[in-house]
Amino acid sequence: MRENRRPLGEVEGHIPALRRYARGLMDHDHPDSAACADDMVREVVERSRRHGHLAVFKNPRLWLYATLTTCNRARARKSPPEARPTGLTPAPGVRNSLAKVVLEDREALLLVVVEGFSYAQAASILGLSRLGVANRVARARQQLGGPLEATLGGQARRKPDLPPYLRLVK
Amino acid sequence: MSPISETELNAYVDGESFPERQALIEAWLARNPVEAARAKAWRRQDQVLRATFGRILSEPLPPGLAEAASPTPANARPVAALRPMAQARPMPATHPCDARDRLALIAAGSFLAGAGVACLAGYWIA
Numbered sequence: 187m188r189e190n191r192r193p194l195g196e197v198e199g200h201i202p203a204l205r206r207y208a209r210g211l212m213d214h215d216h217p218d219s220a221a222c223a224d225d226m227v228r229e230v231v232e233r234s235r236r237h238g239h240l241a242v243f244k245n246p247r248l249w250l251y252a253t254l255t256t257c258n259r260a261r262a263r264k265s266p267p268e269a270r271p272t273g274l275t276p277a278p279g280v281r282n283s284l285a286k287v288v289l290e291d292r293e294a295l296l297l298v299v300v301e302g303f304s305y306a307q308a309a310s311i312l313g314l315s316r317l318g319v320a321n322r323v324a325r326a327r328q329q330l331g332g333p334l335e336a337t338l339g340g341q342a343r344r345k346p347d348l349p350p351y352l353r354l355v356k
Numbered sequence: 580m581s582p583i584s585e586t587e588l589n590a591y592v593d594g595e596s597f598p599e600r601q602a603l604i605e606a607w608l609a610r611n612p613v614e615a616a617r618a619k620a621w622r623r624q625d626q627v628l629r630a631t632f633g634r635i636l637s638e639p640l641p642p643g644l645a646e647a648a649s650p651t652p653a654n655a656r657p658v659a660a661l662r663p664m665a666q667a668r669p670m671p672a673t674h675p676c677d678a679r680d681r682l683a684l685i686a687a688g689s690f691l692a693g694a695g696v697a698c699l700a701g702y703w704i705a
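One line per chain: the protein sequences are A and B, in this order. Going by the numbering used here, the first sequence opens with residue 187, and the numbers climb by one from there. Going by the numbering used here, the second sequence opens with residue 580, and the numbers climb by one from there.
Hints in this document: simulated from the structure, not taken from any laboratory. Where hints are given, some of them may not hold.
As the list claims (entries may be wrong) - DEER-style ranges, computed between Cβ atoms:
| # | chain 1 | residue 1 | chain 2 | residue 2 | range |
| --- | --- | --- | --- | --- | --- |
| 1 | A | S265 | B | A645 | 21 to 31 Å |
| 2 | B | K619 | A | E196 | 29 to 39 Å |
| 3 | A | S283 | B | A687 | 38 to 48 Å |
| 4 | B | G594 | A | G279 | 23 to 33 Å |
| 5 | B | N611 | A | V288 | 26 to 36 Å |
| 6 | B | G633 | A | L289 | 13 to 23 Å |
| 7 | A | A260 | B | E599 | 33 to 43 Å |
| 8 | B | N611 | A | R263 | 34 to 44 Å |
| 9 | A | R236 | B | A645 | 15 to 25 Å |
| 10 | B | Q626 | A | K286 | 19 to 29 Å |
| 11 | A | A260 | B | A700 | 37 to 47 Å |
| 12 | B | E646 | A | R263 | 24 to 34 Å |
| 13 | A | E198 | B | A615 | 38 to 48 Å |
| 14 | B | P582 | A | N245 | 33 to 43 Å |
What the hints assert, rightly or not - Which residues of chain B face chain A? A partial, calculated answer using Cβ under 8 Å:
| # | residue |
| --- | --- |
| 15 | W621 |
| 16 | L628 |
| 17 | F632 |
| 18 | L644 |
| 19 | A647 |
| 20 | S689 |
The beta-carbon is built from N, C-alpha and C at its ideal position, and this holds for glycine as well.
Using the sequences plus the hints, can you model the full thing?
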């Protein structure tokens, strides 16, 4: 059978980290969003099992993260910001500041900073160039702000750009 | 204009700047304390993010996920039976990755077929 061809152990080992990434992708730090994040991880694990797939074999970790990213984008499209639960009183904290960062930029920041992927690996997960990842990480940090950014104001903020000397390397 | 862009400063903080640029970036940071403070703040923020989300790693897996994670032939059940919650928040029936991979297969197949025809034609002409 197809299912038996894939080494399941490899996927199992990634589940805690996938849950962490899924939780970061959620828009609210709320019990319900944690359950939703776990649903997505379960969906990804089941998909990996159904696929006796070349892409899964080649690099299971990258495949799992890429699939989770796609699942979450589909979910986010189905529940646009106005349809999301209101009346929640999110506690101030880094997770809620992160939830306000544009999803595409948040994905890149989470993959690089929290999940520890290189720019090249994150680029492969997100289907971007390495420079694309660099720009998104820069934008995410800009949106995340922080007390220091706030006190420095606009003077210290510069737009992420495309420097000619930042080469694309794999 | 600043010699170090916002993107490059971020890459430096992430350990992703090019080795030949590193000395230049460090010299620039030494001359620009405001930028150096921002880079430091990002590093601190990264640590906070890692610590905050790191706690999730030690959480016990929720029952549904623990089951999905270790199916043995004995407890293997149909996928639909594992997903009462997923039905409330449905996922797309077809995954974009599936379509892309299928497309790649078709492309590879047609290329091989084309190459075969070309070989045969070459042989016939010869």
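Quick rundown of the hints versus the structure:
1. A/S265 - B/A645: 21 to 31 Å: 26 Å, holds
2. B/K619 - A/E196: 29 to 39 Å: For B/K619 and A/E196 the Cβ distance comes to about 38 Å; the hint holds.
3. A/S283 - B/A687: 38 to 48 Å: About 45 Å separates the Cβ atoms of A/S283 and B/A687, which means 38 to 48 Å holds.
4. B/G594 - A/G279: 23 to 33 Å: 26 Å, holds
5. B/N611 - A/V288: 26 to 36 Å: 28 Å, holds
6. B/G633 - A/L289: 13 to 23 Å: With a Cβ separation near 22 Å, B/G633 and A/L289 satisfy 13 to 23 Å, so the hint holds.
7. A/A260 - B/E599: 33 to 43 Å: 41 Å, holds
8. B/N611 - A/R263: 34 to 44 Å: 41 Å, holds
9. A/R236 - B/A645: 15 to 25 Å: 19 Å, holds
10. B/Q626 - A/K286: 19 to 29 Å: At roughly 20 Å between Cβ atoms, A/K286 and B/Q626 fall inside 19 to 29 Å, so the hint holds.
11. A/A260 - B/A700: 37 to 47 Å: 45 Å, holds
12. B/E646 - A/R263: 24 to 34 Å: 28 Å, holds
13. A/E198 - B/A615: 38 to 48 Å: 43 Å, holds
14. B/P582 - A/N245: 33 to 43 Å: 37 Å, holds
15. W621: 6 Å, holds
16. L628: Holds - the Cβ of B/L628 comes within 8 Å of chain A, reaching about 5 Å at its closest.
17. F632: 5 Å, holds
18. L644: 5 Å, holds
19. A647: With a closest approach of 5 Å, the B/A647 hint holds.
20. S689: The hint is violated - B/S689 has no Cβ within 8 Å of chain A, the shortest such distance being about 18 Å.
Going down the numbered hints, you'll see the structure goes against just number 20.
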